[in-house]
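Colleague: Read off the chains here:
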Amino acid sequence: MLFELQKRLKTFHKGGIHPPDNKLSATARIEEIPLPRSVTIPIYQHIGTPPRVIVERGDTVRVGQVLAIHEGLVSANIHSSVSGKVGKIDRVLDSSGYKHIAINIRVKEDDWLEEIDRSEDLIDDIPYSSKEIIQKVMEAGVVGQGGAAFPSHVKLSIPENRTVDTLIINGVECEPYLTADHRIMLERPYEIFVGTQILMKATGATKAIIAIENNKQDAIQLLSSIADDYPNIDIEALQVQYPQGGERQLIEALLDREVPSGGLPIDVGTIVHNVGTTYSVYQAVQKNQPLIQRVVTVTGPSVSKPSNFMVRIGTSVADLIAAAGGVPEDTGKIINGGPMMGKAIQDLKVPITKATSGILLIPEKETWRSEEYNCVRCGKCIEVCPMGLEPMQLVLLAKGKAADKAEAEHILDCMECGSCSFVCPSNRPILDYIRYGKGQVKKEQIK
Amino acid sequence: MSVSLLTVSPSPHVHEELTIPQVMRGVIYAMLPALMFSIYVFGWDALYVNLIAILSCLLFERLISEHLLGRPATLMDGSAIITGMLLAFNLPASLPWYIVIIGSAVAIGIGKMSFGGLGNNPFNPALVGRVFLLISFPVEMTTWPLTDAFGQVDATSGATILGILKDGLRTGESATVLLEQAPAYLDLFLGLHAGSLGEMSGLALVLGLAYMLYRKIITWHVPLSMIVSIFVLTGIFWLADPQRFADPIFHLLTGGVLLGAIFMATDYVTSPFTQRGMVIFGVGIGVITSLIRLFGSYPEGVSFAILIMNAFVPLINKYTKPKLYGAKAQNHE
Amino acid sequence: MSDVVIYTLLVLVTLGIIAAVILFWVSRRFSVEEDPRREQLMDALPNTNCGGCGFPGCGGFANALLQADDLKPYHCPVGGNEVMKEVSKILGKEVEEKDPFVAIVRCTGSFESRKQTNVYDGAANCTIASELYSGDHGCAYGCVGLGECVDACDFDAMYMDKQTGLPVIIEDKCTACNACVTACPKDIIELWPVGRKHQRIYVACKNEEKSGVARQECAVACTGCAKCFDECTYDAIVVENNLATIDFEKCTLCAKCVIVCDSRSIEADNVPEKSLTKLMDIRAKKLEREKAKRLEEKNSNNEQIKSVSEPPKISRDAI
Chain A
5 MLFELQKRLK
15 TFHKGGIHPP
25 DNKLSATARI
35 EEIPLPRSVT
45 IPIYQHIGTP
55 PRVIVERGDT
65 VRVGQVLAIH
75 EGLVSANIHS
85 SVSGKVGKID
95 RVLDSSGYKH
105 IAINIRVKED
115 DWLEEIDRSE
125 DLIDDIPYSS
135 KEIIQKVMEA
145 GVVGQGGAAF
155 PSHVKLSIPE
165 NRTVDTLIIN
175 GVECEPYLTA
185 DHRIMLERPY
195 EIFVGTQILM
205 KATGATKAII
215 AIENNKQDAI
225 QLLSSIADDY
235 PNIDIEALQV
245 QYPQGGERQL
255 IEALLDREVP
265 SGGLPIDVGT
275 IVHNVGTTYS
285 VYQAVQKNQP
295 LIQRVVTVTG
305 PSVSKPSNFM
315 VRIGTSVADL
325 IAAAGGVPED
335 TGKIINGGPM
345 MGKAIQDLKV
355 PITKATSGIL
365 LIPEKETWRS
375 EEYNCVRCGK
385 CIEVCPMGLE
395 PMQLVLLAKG
405 KAADKAEAEH
415 ILDCMECGSC
425 SFVCPSNRPI
435 LDYIRYGKGQ
445 VKKEQIK
Chain B
6 MSVSLLTVSP
16 SPHVHEELTI
26 PQVMRGVIYA
36 MLPALMFSIY
46 VFGWDALYVN
56 LIAILSCLLF
66 ERLISEHLLG
76 RPATLMDGSA
86 IITGMLLAFN
96 LPASLPWYIV
106 IIGSAVAIGI
116 GKMSFGGLGN
126 NPFNPALVGR
136 VFLLISFPVE
146 MTTWPLTDAF
156 GQVDATSGAT
166 ILGILKDGLR
176 TGESATVLLE
186 QAPAYLDLFL
196 GLHAGSLGEM
206 SGLALVLGLA
216 YMLYRKIITW
226 HVPLSMIVSI
236 FVLTGIFWLA
246 DPQRFADPIF
256 HLLTGGVLLG
266 AIFMATDYVT
276 SPFTQRGMVI
286 FGVGIGVITS
296 LIRLFGSYPE
306 GVSFAILIMN
316 AFVPLINKYT
326 KPKLYGAKAQ
336 NHE
Chain C
15 MSDVVIYTLL
25 VLVTLGIIAA
35 VILFWVSRRF
45 SVEEDPRREQ
55 LMDALPNTNC
65 GGCGFPGCGG
75 FANALLQADD
85 LKPYHCPVGG
95 NEVMKEVSKI
105 LGKEVEEKDP
115 FVAIVRCTGS
125 FESRKQTNVY
135 DGAANCTIAS
145 ELYSGDHGCA
155 YGCVGLGECV
165 DACDFDAMYM
175 DKQTGLPVII
185 EDKCTACNAC
195 VTACPKDIIE
205 LWPVGRKHQR
215 IYVACKNEEK
225 SGVARQECAV
235 ACTGCAKCFD
245 ECTYDAIVVE
255 NNLATIDFEK
265 CTLCAKCVIV
275 CDSRSIEADN
285 VPEKSLTKLM
295 DIRAKKLERE
305 KAKRLEEKNS
315 NNEQIKSVSE
325 PPKISRDAI
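Protein chains in written order, with our numbering: chain A, 5 to 451; chain B, 6 to 338; chain C, 15 to 333.
Extracted from the complex, chain A is given alone in its bound form (with noise of 0.2 Å):
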């Protein structure tokens, strides 16, 4: 056995963990749920300046209709992801534990729009420009669906002065628990394919990787089977760490690049999007399909079915919930995302947005932070910090509210991969306090 791993699988080399995979929905296919009764589509879904609202109370909507329309550089329009009767347009609180404008439709059958292809043909002819393409996207509405939802286009619109050879489509999902992008790419395999060959025309890369971590063996072996269709899509095993899905620590695995601090990956030649933003991406495109559903996964150690839905956007939690087997007794905590990255939120209401993918719930034996300890500098969050920082020197400048030596010691760097609180044995809240003196770097930046 221990022959038959010629090749050492790549990993990223600067720090790391290796938090319990827990990955209880890997093998539950993606389901749709039934329609909710009704829906609220916050406006403000993605990184940048929220988009107009152009629908009134009281309108008749279809599904793929354009609610919202994108303003300024960094905007994405949202779209109805159901047909039926606008309502209130009012501040709901979202999953950001504050209140923003959001949409809400009462939902009347399931009307879509002619233009929308909603066969499950594969289409493979790519007869578009790169613009055309970027166009499409931009209209779609798609944003990664990593978890930062920056809109697609923006990443797509190469400045003049840089290429990109190698495309990476992100297949990790490094977080704990989460399956969806697993399951797309089991599911949904040649759409992926074809996506990645519309974001390499869009973007001019001549060679695409599509990552996985070496978990999902089956996704790997799927895949590379198709990939020999593909001479241009590499396939690549990545030894399991976290935060190996994060953007720099990817392109670090697989190219051996480092992305300047406050740089961007296309700084040194290369974009980055995770499958589920390609499978979107695909839908848009050759489908016509804008963003308004995306896979979720719905688990935790006591929900009785972990599974994965195919959700429209603006779904509420408790809904998803309710399909997989309902909230069960002991759940203390509920959180929009992974373990170690996902928000906890503070009610059912709260809608599914095109950034969340998974929703754990934890029972309430694990909720608790435990006792906190004295700093006993053993240095592992040090150690296991993926962008050389180094974190218990933050926290005593955050403290001191030491905002220019903060940001002396790159403070801003911080991906907030939540490793340092992972590890540190005396369970202090380091995390807490780099956000906390982050955001006094920012407001003196501001000033």
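Please keep in mind that the hints were generated in silico from the structure rather than gathered at the bench. All C-beta atoms, glycine included, are put in the ideal place defined by N, C-alpha and C. It is possible that part of the hints are untrue.
Unchecked claim - With a cut-off of at most 16 Å between alpha-carbon atoms, the simulated EDC-like pairs for lysine to aspartate or glutamate come out as follows:
| # | chain 1 | residue 1 | chain 2 | residue 2 |
| --- | --- | --- | --- | --- |
| 1 | A | K103 | C | D168 |
| 2 | B | K328 | A | D417 |
| 3 | C | K224 | A | D417 |
| 4 | A | K403 | C | D165 |
| 5 | C | K187 | C | D168 |
Claimed, not checked - Examples of chain B residues lying across from chain A (beta carbon under 8 Å, computed):
| # | residue |
| --- | --- |
| 6 | H72 |
| 7 | G124 |
| 8 | K326 |
| 9 | Y330 |
Claimed, not checked - Simulated restraints on C-beta separations:
| # | chain 1 | residue 1 | chain 2 | residue 2 | range |
| --- | --- | --- | --- | --- | --- |
| 10 | B | K323 | A | N218 | 31 to 39 Å |
| 11 | A | L400 | C | R278 | 38 to 46 Å |
| 12 | A | D63 | C | R278 | 55 to 63 Å |
| 13 | C | V182 | A | N218 | 56 to 64 Å |
| 14 | C | H212 | A | L77 | 22 to 30 Å |
| 15 | B | P77 | A | K447 | 47 to 55 Å |
| 16 | C | P70 | A | K446 | 19 to 27 Å |
| 17 | C | V252 | A | K447 | 26 to 34 Å |
| 18 | C | Q230 | A | N218 | 44 to 52 Å |
| 19 | B | S179 | A | H22 | 29 to 37 Å |
| 20 | B | S302 | A | L416 | 36 to 44 Å |
| 21 | B | L296 | C | G71 | 30 to 38 Å |
| 22 | A | K447 | C | E311 | 55 to 63 Å |
Chain A is already provided as a structure; the job is to place chains B and C on it using the hints.
Modeller: Frame of chain A, contents of chains B and C only:
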């Protein structure tokens, strides 16, 4: 709905199993083989010294934090117990009880609490206590109960093998001749020689090391770099002049090398952050220990070496900062 | 034996003399010319180094004062007018007299008035909690209750009230150094003039939600109903974004707004209970009068209506 109020907290929402009380408990478990062996060799004396040291450390920690610092004592984190045990490990089993208490007071009061308690002390508290006693009570601290090969305590007292070697070399005897009097390496490793409570059995200490490595409480960097550097340095001198210098294996198996490398130098608080730093730290201890043993007036130098390197830890940390991601020269144009 | 003592003494004395000479030379060689007034200023200033003046500590403030041509914009909130008078004496320049200020908390959403909606489990720091979400209650504008302002206070002038979960400012100790104001992530702490007889009237709420939503979130939230605005005859109240705000420069402390507020969100510091009840009585009487008047009008209207339907009788009386 079954959920009444949900808990909200910032990410991450999961945590590694290993926390401070577990780490401390793990270290205590790792010290148990050596403790049991010392009881086997020295009888109940060894246990008494340990108990007195642990209890007085706990008491001093509590008194100082509640009455002098005005904050609740954190006895349950287990660090005071470890300090007490480590201090006892560094003492002869026959030490009078009041000296043990003085040592504990110095270890906790000066070594730890005067800097602000757990996590703030630059020097290993147990070693501070031990060195204080060594300087203040040189006779009591270097009087070791003798043991014969079967682990029976002799009524008379004597010096450690290292002490015999040092004295012998000073009077001009040859190292080879002196070493012939020493027990065989296997006996040294198993622990059948005179010495402090905890440094008797290499085997028991190595068992502790294996346990701590398995539990991922410590990494191999400090112990290995320290042991290798002592081996190499003493080895060079032995090859140069075997008449004047003892061989490296003898140096490793005697005195506090293993105890220091496994339990003292690996203390989280007083060792460097990064693995690179830990290697520098370990090599530094190894070099200083060898120099004291080979050329110094004291027969043993592990305690001093660790304390000296403790003082260098902030400097080591400063020069072994991790490299920032993105700082690497770009290979892409 | 005595030799040893003598030699030791000699060596030490020589060493001491050499060191003294070196120190003397160094202090001469590297002495820095300093404005003698700086030392005087430092003696006059309170030396709390709180930064309330906007400069890094009292030393920074002294440097700024020495360089300034016009002292009017400079003020030490801790020392107040007395210290500034001293400064004016030292520097021989005019200073502006300023009213003393004190910090106020513009939130009264206690545990009772705000329903808890979740449990917070994270670092006990308001900024960290408010970056995560709006708080463990519905109101996104109100106090988070983790006491970052209290931690920021250098003068022990604040504490967290365990009953209400809100910070309380001890007026006598507050120096208006601004530390709590900048510490609060929700901006609910403001500096107000201490006021006549230490009386201050302000809207203790910053909630900008619409009335229904605000009420739902907090029982004492300002709903923006503008009753206080209607009552105020001095134009001291502005209602913007569903929130009333009092301008302390225009407020005459008449306290009429306090008693008209249905949600009790206008706070009256140190206004005697008696004068408030008096105002209440006056208002009650006024309301009664108005009610009576309305009833009369209604009756008269009814009569008028009747009079329309019935043949006019009044005309004769009128004549």
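Colleague: Could you see if the CB distance from S302/B to L416/A stays within 36 to 44 Å?
Modeller: violated (54 Å)
Colleague: Run the distance test for K403/A versus D165/C: straight-line Cα separation, threshold 16 Å.
Modeller: holds (11 Å)
Colleague: For P77/B and K447/A, compare the CB-CB distance with the range 47 to 55 Å and indicate the outcome.
Modeller: violated (35 Å)
Colleague: Given the hint that K187/C pairs with D168/C, test it: the Cα-Cα distance must not exceed 16 Å.
Modeller: The given pair, whose Cα atoms are some 10 Å apart, holds under the 16 Å limit.
Colleague: What's the verdict on K328/B and D417/A, does the C-alpha distance respect the 16 Å limit or exceed it?
Modeller: Given that 16 Å is the threshold and the Cα spacing comes to 13 Å, the pair holds.
Colleague: In this structure, is the beta-carbon distance linking Q230/C and N218/A contained in 44 to 52 Å?
Modeller: holds (51 Å)
Colleague: CB of H212/C to CB of L77/A, is that within 22 to 30 Å?
Modeller: At roughly 53 Å between Cβ atoms, L77/A and H212/C fall outside 22 to 30 Å, so the hint is violated.
Colleague: At the C-beta level, are V182/C and N218/A separated by a distance inside 56 to 64 Å?
Modeller: holds (58 Å)
Colleague: Can you confirm whether the C-alpha distance between K224/C and D417/A stays at or below 16 Å?
Modeller: With Cα atoms ~39 Å apart, K224/C and D417/A exceed 16 Å; violated.
Colleague: Taking the CB of S179/B and the CB of H22/A, does the distance hold inside 29 to 37 Å?
Modeller: violated (55 Å)
Colleague: Honestly, do K323/B and N218/A meet the 31 to 39 Å range at C-beta?
Modeller: holds (38 Å)
Colleague: Is 19 to 27 Å right for how far apart the beta carbons of P70/C and K446/A are?
Modeller: Since the Cβ atoms of P70/C and K446/A sit about 21 Å apart, the hinted range of 19 to 27 Å holds.
Checked against the numbered hints given earlier, this structure breaks hints 1, 3, 6, 12, 14, 15, 19, 20, 21; the rest are met.
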